[in-house]
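A.B. asks: Given the sequences, and given the hints that come with them, work out the whole structure.
Everything in the sequence shown is counted per this note's numbering, starting at -17 for the first residue and increasing by one.
None of these hints come from the bench; they were simulated from the model. As the structure is a prediction and not an experimental result, all values here were calculated from the model. For each residue, glycine too, the CB sits at the ideal point set by N, CA and C. Check the hints yourself; a few may be wrong.
What the hints assert, rightly or not - With beta-carbon atoms standing in for the labels, derived distance ranges: (1) PHE9 / PRO31: 28 to 34 Å; (2) GLY(-12) / ASP26: 15 to 21 Å; (3) VAL36 / ASP(-13): 22 to 28 Å; (4) GLY27 / LEU(-10): 18 to 24 Å; (5) ARG40 / GLY(-12): 15 to 21 Å.
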Amino acid sequence: MYFTDGSLAYAGHYLHERGHPVHTHSFVESAVVIGGEGMHRSLDGRRKPQVGEVILLRPGVWRG
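C.D. replies: Take a look at the structure:
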């Protein structure tokens, strides 16, 4: 990723225990799957991410 001066970045562990409503962000979102199982929804449809996958979403793209 590329960050310009003044850019903010956040990194942390987040556990979704239930379904997450469809939403968008005004920033780039990246996620690394480190364990467990779940379903990811986006414009590409629904899919089950695998451990080790990186999910990268542009601003304004809906996901859930």
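A.B. asks: State for each hint whether it applies.
C.D. replies: Hints, verified against the model:
1. PHE9 / PRO31: 28 to 34 Å: Cβ of PHE9 to Cβ of PRO31: about 20 Å, so the range 28 to 34 Å is violated.
2. GLY(-12) / ASP26: 15 to 21 Å: At roughly 32 Å between Cβ atoms, ASP26 and GLY(-12) fall outside 15 to 21 Å, so the hint is violated.
3. VAL36 / ASP(-13): 22 to 28 Å: Cβ of VAL36 to Cβ of ASP(-13): about 25 Å, so the range 22 to 28 Å holds.
4. GLY27 / LEU(-10): 18 to 24 Å: With Cβ atoms ~31 Å apart, the hint is violated.
5. ARG40 / GLY(-12): 15 to 21 Å: Given a distance of about 20 Å, which is inside 15 to 21 Å, the answer is holds.
Checked against the numbered hints above, the structure breaks hints 1, 2, 4 and satisfies the rest.
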